[in-house]
Amino acid sequence: MSRETRLLMGMPITIEIVDNGFDGMLAEAFAIFADVDARFSLWKPESEICGLNRGELAQADASPEMREVFALAERTKAETAGFFDMRRPDGTVDPSGIVKGWAVRKVADHIRAAGACNFFVDAGGDIQSSGNNQASEPWKVGIRNPFNPDQIIKAVTPKGWGIATSGNYVRGDHIYNPHNPAETVCGIVSLTVIARDVLEADRFATAAFAMGRAGIDFIELRGGLEGYLVDDRGIGTETSGFGAFVTQ
Amino acid sequence: MASARNAALGLITAVLIGGAGAGSANASLWSLLTDAPDQSTPQSADPPSVDTTGKSTVMAAGHGLAYKDGSFTGQTFDAYYGPVQVQANVTGGHIVSVDVLQFPKDRRTSRYINSQALPMLKSEVISAQTTQVDIISGATLTSQAFIRSLRTALKQAAPGT
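From first to last, the protein sequence lines are chains E and P.
Residue numbers for the first sequence follow the working numbering, beginning at 1 and rising by one.
Residue numbers for the second sequence follow the working numbering, beginning at 1 and rising by one.
These are calculated hints, taken from the structure and not from any lab test.
Ideal placement from N, C-alpha and C gives every residue a C-beta, glycine not left out.
Among the hints, erroneous ones may be present.
[As the list claims (entries may be wrong)] To list a few chain E residues with every Cβ distance to chain P over 12 Å, as calculated:
hint, residue
1, 24
2, 47
3, 72
4, 74
5, 77
6, 112
7, 114
8, 144
9, 197
10, 217
11, 224
12, 236
[To be verified] Listed below are the simulated BS3-like cross-link pairs for lysine-lysine, each with C-alpha atoms no more than 25 Å apart in a straight line:
hint, chain 1, residue 1, chain 2, residue 2
13, E, 106, E, 140
14, E, 159, E, 106
15, P, 122, E, 44
16, P, 122, E, 159
17, E, 44, E, 140
18, E, 77, E, 106
[Said to hold, decoys possible] Partial chain P-side listing against chain E, Cβ under 10 Å, derived:
hint, residue
19, 69
20, 70
21, 134
Kindly produce the complete structure, drawing on both the sequences and the hints.
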């Protein structure tokens with residue numbers, strides 16, 4: 001078993017591989033995250049995304065990774081009635097709402113391709129797990145209580161699916177409604193989405209959170225997604241298929 | 001710095017548990033009804049043209065503040081896919097059910113929500129679980145947004161507002 005947590009992309013990233021013989025894999029996996037950070041960080045002036053936003057680099061000349069993420073962002077915008085939009089009012093682009101999930105999936109694919117079956121990758125609550133934990137039991141993921149970080153309010157077994165939580169109780173108001181940039185999303189404080197993989201979970205969690213309360217209806221409506229929403233009064237609302245993932 | 005933040009968080013948490021607790025749970029159902037509830041004017045009239053096939057009931061959980069008995073119709077609000085309006089039914093000071101009076105009927109997707117999605121969504125008061133888990137989804141760091149959100153919640157949860 002190998003496990004390590006590092007602070008990268010402004011958040012704790014934990015990777016655990018239960019299978020033996022993958023000691024070198026953690027370094028490889030974290031190197032992928034470091035590459036993603038160097039390319040997509042809005043906080044590093046030398047990053048590719050900052051170069052694009054300053055107009056020093058044309059989109060046509062962007063790296064394959066950048067173009068892949070931009071294509072994903074456009075697809076997400078189309079699939080969510082514009083509630084995910086990487087284009088900011090000032091004309092710059094910020095795809096970070098999906099970069100996290102994209103990076104976690106990329107790393108999980110890399111670990112899987114190397115032959116590991118039992119592992120998880122967790123980047124700030126965007127989680128892709130595979131197989132079982134060290135006790136040979138299915139991985140269990142807790143959903144944090146947005147009002148008390150020491151508590152969990154649900155325990156789920158993702159069964160190989162990805163899980164992501166969007167909230168406005170962390171790192172400031174980082175989610176906004178593209179249809180009304182001046183408005184701060186209120187009423188809901190946390191939205192967890194379970195999807196086929198962590199990228200799907202992340203991009204729909206981000207977009208549906210911006211819809212406010214209707215976000216959970218959107219998740220219910222769209223196939224292949226389940227969700228759990230917590231509002232600012234401490235009421236949790238779950239989609240019809242969410243219960244199948246809940247565990248004791 | 002970190003310890004100061006933790007101390008502040010502990011205080012806020014204590015306020016939440018001690019001050020609002022179960023009261024906020026019942027009050028919270030109001031937020032499902034309308035952004036600006038008028039709790040002082042119960043309506044006795046029959047709800048206008050309710051589509052009974054799409055009627056949805058959310059049972060209130062926990063103990064709550066002493067609301068006035070009656071049926072209270074919330075304001076219509078835009079829930080992204082169209083207008084939604086609900087009515088809360090209060091008996092013995094507690095919200096016993098919430099009826100969905102109005103939701104979109106004009107589009108195919110809306111009809112789907114109308115007939116299936118809304119009634120299938122299940123709501124409950126969140127509660128701490130003791131299950132041992134391997135990983136946690138959510139976020140650790142609190143922020144100004146957290147405290148602002150909590151303040152709003154407590155203000156709205158107070159009786160007589």
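Hints and how they fare:
No beta-carbon of chain P is positioned within 12 Å of the beta-carbon of residue 24(E); the least distance is around 23 Å. Separation of residue 47(E) from chain P is adequate, the least Cβ-Cβ distance of about 22 Å exceeding the 12 Å criterion. Listed as outside the interface, residue 72(E) is consistent with that label: its C-beta sits roughly 21 Å from the nearest C-beta of chain P, beyond the 12 Å cut-off. In this structure residue 74(E) is separated from chain P by more than 12 Å, as the shortest Cβ-Cβ distance comes to about 20 Å.
No Cβ of chain P comes within 12 Å of the Cβ of residue 77(E); the nearest lies about 15 Å off, and the non-interface call holds. In this structure residue 112(E) is separated from chain P by more than 12 Å, as the shortest Cβ-Cβ distance comes to about 17 Å. Listed as outside the interface, residue 114(E) is consistent with that label: its C-beta sits roughly 21 Å from the nearest C-beta of chain P, beyond the 12 Å cut-off. Separation of residue 144(E) from chain P is inadequate, the least Cβ-Cβ distance of about 3 Å not exceeding the 12 Å criterion.
Under the 12 Å C-beta cut-off, the non-interface status given to residue 197(E) relative to chain P holds; the minimum distance is some 14 Å. Against chain P, the non-interface label of residue 217(E) is violated: not every CB pair exceeds 12 Å, the least being about 6 Å. Under the 12 Å C-beta cut-off, the non-interface status given to residue 224(E) relative to chain P holds; the minimum distance is some 15 Å. The claim that residue 236(E) lies off the interface is violated: its Cβ sits roughly 4 Å from the closest Cβ of chain P, which falls inside the 12 Å cut-off.
With a C-alpha separation of about 22 Å, the suggested pair residue 106(E) and residue 140(E) falls inside the 25 Å cut-off, and the hint holds. A threshold of 25 Å between alpha carbons decides the hint, and for residue 159(E) with residue 106(E) the separation of about 19 Å falls inside it, so the pair holds. For the suggested pair residue 122(P) and residue 44(E), the alpha carbons sit about 43 Å apart, so the restraint of at most 25 Å is broken. Proximity of residue 122(P) to residue 159(E) is assessed by CA-CA distance (about 22 Å); at most 25 Å being required, the pair is judged to hold.
Between the alpha carbons of residue 44(E) and residue 140(E) the distance comes to roughly 35 Å, so the proposed pair goes past 25 Å and is violated. The hinted pair formed by residue 77(E) and residue 106(E) meets the criterion: a straight-line CA distance of about 21 Å does not exceed 25 Å. Residue-level restraint check for residue 69(P) is violated (minimum Cβ-Cβ distance to chain E is 21 Å; threshold 10 Å). Proximity of residue 70(P) to chain E is violated relative to the hint, the smallest CB-CB distance being about 21 Å (cut-off 10 Å).
A cut of 10 Å between beta carbons decides the hint on residue 134(P): the least distance to chain E is about 5 Å, and the hint holds.
In terms of the numbered hints stated before, the structure departs from hints 8, 10, 12, 15, 17, 19 and 20, listed from lowest to highest.
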